[in-house]
Structures are given as structure tokens and as C-alpha cells.
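Throw the hints in and build the complete structure from the sequences for me.
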Amino acid sequence: MMAGARLSQAHIPAVAVWLLCALGLLGTEAGPPPVPPSLLTADNCLDRFTPGVPAFVLDTDASVRNGATFLRSFTVRRGRDCVHACCSSNDCNLALVELQPDGGEDAISSCFLINCLYEQNFVCKFAPREGFINYLTREVYRSYLELRTQGFGGSRIPKAWEGTDLKIQPQEPLVLKGVENTDWHLLQGDTDVRVERNDPDQVKLWGLKEGSYLFQLTVAGSDQPESTSNITVTVLSPKQTEEYCLASSKVGRCRGSFPRWYYDPTEQICKTFVYGGCLGNKNNYLREEECKFACRNVQGPSVERHHPVCSGTCHSSKFRCSDGCCIDSFLECDDTPDCPDASDEAICEKYTRGFDKLQRIHFPRDKGHCVDLPDTGLCLESIPRWYYNPFTERCARFTYGGCYGNKNNFEEEEQCLESCHGISRGPGSIPGRGNKIPHAWGN
Numbered sequence: 031m032m033a034g035a036r037l038s039q040a041h042i043p044a045v046a047v048w049l050l051c052a053l054g055l056l057g058t059e060a061g062p063p064p065v066p067p068s069l070l071t072a073d074n075c076l077d078r079f080t081p082g083v084p085a086f087v088l089d090t091d092a093s094v095r096n097g098a099t100f101l102r103s104f105t106v107r108r109g110r111d112c113v114h115a116c117c118s119s120n121d122c123n124l125a126l127v128e129l130q131p132d133g134g135e136d137a138i139s140s141c142f143l144i145n146c147l148y149e150q151n152f153v154c155k156f157a158p159r160e161g162f163i164n165y166l167t168r169e170v171y172r173s174y175l176e177l178r179t180q181g182f183g184g185s186r187i188p189k190a191w192e193g194t195d196l197k198i199q200p201q202e203p204l205v206l207k208g209v210e211n212t213d214w215h216l217l218q219g220d221t222d223v224r225v226e227r228n229d230p231d232q233v234k235l236w237g238l239k240e241g242s243y244l245f246q247l248t249v250a251g252s253d254q255p256e257s258t259s260n261i262t263v264t265v266l267s268p269k270q271t272e273e274y275c276l277a278s279s280k281v282g283r284c285r286g287s288f289p290r291w292y293y294d295p296t297e298q299i300c301k302t303f304v305y306g307g308c309l310g311n312k313n314n315y316l317r318e319e320e321c322k323f324a325c326r327n328v329q330g331p332s333v334e335r336h337h338p339v340c341s342g343t344c345h346s347s348k349f350r351c352s353d354g355c356c357i358d359s360f361l362e363c364d365d366t367p368d369c370p371d372a373s374d375e376a377i378c379e380k381y382t383r384g385f386d387k388l389q390r391i392h393f394p395r396d397k398g399h400c401v402d403l404p405d406t407g408l409c410l411e412s413i414p415r416w417y418y419n420p421f422t423e424r425c426a427r428f429t430y431g432g433c434y435g436n437k438n439n440f441e442e443e444e445q446c447l448e449s450c451h452g453i454s455r456g457p458g459s460i461p462g463r464g465n466k467i468p469h470a471w472g473n
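Under my numbering, think of the first position of the sequence shown as 31, with each following residue one higher.
Hints in this document: simulated from the structure, not taken from any laboratory. There's no promise every hint is true.
Capping the alpha-carbon separation at 25 Å, the derived lysine-lysine pairs in DSS-like fashion look like this [as the list claims (entries may be wrong)]:
hint, residue 1, residue 2
1, Lys207, Lys234
2, Lys239, Lys322
3, Lys269, Lys322
4, Lys269, Lys207
5, Lys301, Lys312
6, Lys380, Lys269
7, Lys269, Lys239
8, Lys207, Lys239
9, Lys269, Lys312
10, Lys397, Lys437
11, Lys380, Lys312
12, Lys301, Lys269
13, Lys312, Lys322
14, Lys301, Lys322
See the structure below:
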């Protein structure tokens, strides 16, 4: 279904950072504070979500390997309450519910909250499984749906840069390779930046200062349609550098096994570590190149643990202790109490139980590739291939780059149809753009 889809609008902010619902789901449990009720109503929360495709479940291991983040699970009785919980959680854009057999309309037995975005890319992967429904934020779902329903011919923007959110240190120049025959245009950011091309295969960006830049890449050719994509370049501030480069590697409490990269400021190199699947920190990269760009030449000791702040209201990015004090969110469940009342280490098993349950969900894997979006891969060849589109229940052409990619990739149309026969989106699974959460979810 939704495997690895790039957002059609590359610069989409992290979902649900300030749009929180003050609905009382957290009770007295420690965690990020709710936004005052005057800022967001229950109806606003529900209107931000659309029912996704029923009878699909998250492929947890594949999604986390791609960069998705398991946030937490909730014990609630109705699907609408799971969506409310997603509104109340930073970065949540997917509420996955397991239906309660014979429990009546909207009755559920499990609620899982997921962030399906990694560096502006939709990275969650799903597999067919009855008994589940996923509720996705409309902004993210619409971008995926437009890409899926309009077809996919195969962008010729190098995949290494397509839809990227690149984090770097202040430096001149920034050299990007593998960008042959691309035109760069600054859409947002300091206009003093200069784009220079001395070699056909690389671009130099001069004059980058602390802050964010949005560039549009265009590849034009006489034999194929023009391809465009946006790249965000974020020049890290000293405070951001602490989080992305000087924080110690954090495995987290969950018991998965996902290879990642982190920056070691003592040796000034990027190293591998095994991430457990939840409660990590920002010094956590899928690829070595991302780590090198973000932390090149950063020196200094690992960031010191900051003392709790016990005056004022906690920012949404902070962890709120049970006594009202605030600490950095990445300090939660790191085996060292940081809250004065030690509440940051008190309820960590809730994460491991939820993640373990999500990992234990079984689903058929023999045709899982048929719901993947076509993947051009990392290489730059132009090889015609076929992919299966479960929304149309037909096979369509796309352009394969020649290496990597996924298994929804066939040399012949007949081979594609035979491999994916019987896979469909299911009747009524794609709501119209104007549809809202079912009326039964109203006040």
C-alpha cells in the first residue's frame, strides 16, 4: 500500500507538533503537556484524519528499517479515541487500530501511534491483514494518494537527493555529487547563497548560513518529461548540533534490531550501532552519508545532561515529569532518572509491550511487494519496467534506475499480472477528498 512514497510536496513540516488535542487521554501520566483547549477542538482533531485502507496492517520491521518511528500504544476502547491520542502525540501521523471482534461499531482492542515520515519521505510499509484499520493525517494521505492515483513514470532526479532534508554544519562550500544535468533554483532561504557548477556531476553551494533553505531540482531532457523535486538544506545551529551530533548513541528500550549510524565526537567519525526501535534520539541516522553531512568536523565532548526546569510550561518537544518539571525528551527511559521524582524511568515497559505486540502481528508475505510503490533505485540508468498498482488492479510502466529498488518490479506486464493476481485496494477503501471521519465520530 504505502511503501516508501515520497510526498508530492517535499517541504511538509513534521505533523502534529503543536496541533494537540486537550482531551484528557493522558490523565495524570507523565508526558508532553496538552495544548490549551482553546487552540484545538475535538472536531478539529478528527477532521485532520481520514480513514485509510481497511484490512491492512503495518509491516513494523520494514517500516522502522525505512525510518518510521513507533511512538507508543494506548489502551482505549474506540477508534476515535486512538485518533485523539495521535493528535496529542508529537509527530504522530498514523493511528493504527486493531478491531475488537463482535465489539460493535468503532470498538477496538489495540491502538498504535506511528510517525511515518523520515526526512520528509513517507516510509511506512503495509501488508494485507483483516481486522485492522489505519487512520492517516489528511495532509500525508493526500500526498500519497495523488502519487498513487496519478501514476508513476519514474523520476530522473537521483534518489540520493529526491525529497531530501539534508542537515549540515556551517561550511563553504557544500559539495553535492551525483547531480548531473540538474538545474538548481532557490525557493526559500537567504538569497546570498550561490550555486556553482564546475563539473557536470557536482554542484557547489556557497554562502550557506545557519537556517533553512529550500531548493528545487529540475532534470530536463529531449526524450523524457521534465522531472522536479525539492531538497531542504538545514544548516544546524549550535543547539541543534548538540542534539544531532553530540548526544550519545541511544539504543532505546524496545527490543528490535535495526542498524543505524551515529556520530562519535571524540573520534570525529560516524559509527554503526543497533537501534531497538523506539525512544531514540536525534543522533540516529539511516545512512552514513547523512551522518557525515550533519556532523562533519564537529568536535567536543558528548552533551552534558541538563538539569530539570521546574518553572513555566513544558515545550511540546520536552518530557513533562509527573511533578511538572521539564527535561529533554530523549532522556526518557535511558536508565538514568532525570526527573526529580524519577517519573521518566517509571513507565518504560509501556513502550516495549506495545512495540512487541506490533512486531508479533502476523501477515502473509508472499505478495506484500504488490502494494509497494515502484522504486527507481539508486542508479541512474533508464530501464523500462512494470509495477503493479493495487488501486487500479493493473500493471503500469515506470523507469528503473538499474540497482536496488524493491520487488514490485517486472520485466514483462504478464509477469507482473501473474505475480500480483487478486491483490486490490478493496471496495470503498479510498474516501473522497471532502469526506470526513464517519458521522458516528461526531460529538
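Each hint tested on the structure:
1. At roughly 9 Å between alpha-carbon atoms, Lys207 and Lys234 fall within 25 Å of each other, so this suggested pair holds.
2. Our distance criterion of 25 Å between C-alpha atoms is met by Lys239 and Lys322, whose separation comes to about 18 Å.
3. Between Lys269 and Lys322, the direct Cα distance comes to roughly 18 Å. Compliance with the 25 Å bound is thereby established for this hinted pair.
4. At roughly 28 Å between alpha-carbon atoms, Lys269 and Lys207 are farther apart than 25 Å, so this suggested pair is violated.
5. Taking the CA atoms of Lys301 and Lys312, the gap is about 14 Å. The hint holds against a cut of 25 Å.
6. For the hint linking Lys380 to Lys269, the alpha-carbon distance of about 30 Å lies beyond 25 Å, and the restraint is violated.
7. Pair hint Lys269 plus Lys239 holds up; C-alpha atoms about 15 Å apart against a cutoff of 25 Å.
8. Note on Lys207 and Lys239: the hinted pairing holds, with a Cα-Cα distance of about 21 Å set against a maximum of 25 Å.
9. Restraint check for Lys269 and Lys312: satisfied, since their Cα atoms lie roughly 12 Å apart, inside the 25 Å limit.
10. With a CA separation close to 10 Å, the supplied pair Lys397 and Lys437 stays within the 25 Å bound.
11. At roughly 21 Å between alpha-carbon atoms, Lys380 and Lys312 fall within 25 Å of each other, so this suggested pair holds.
12. Annotation: proposed proximity of Lys301 to Lys269 holds, straight-line Cα distance about 22 Å (limit 25 Å).
13. Restraint check for Lys312 and Lys322: satisfied, since their Cα atoms lie roughly 14 Å apart, inside the 25 Å limit.
14. With a C-alpha separation of about 10 Å, the suggested pair Lys301 and Lys322 falls inside the 25 Å cut-off, and the hint holds.
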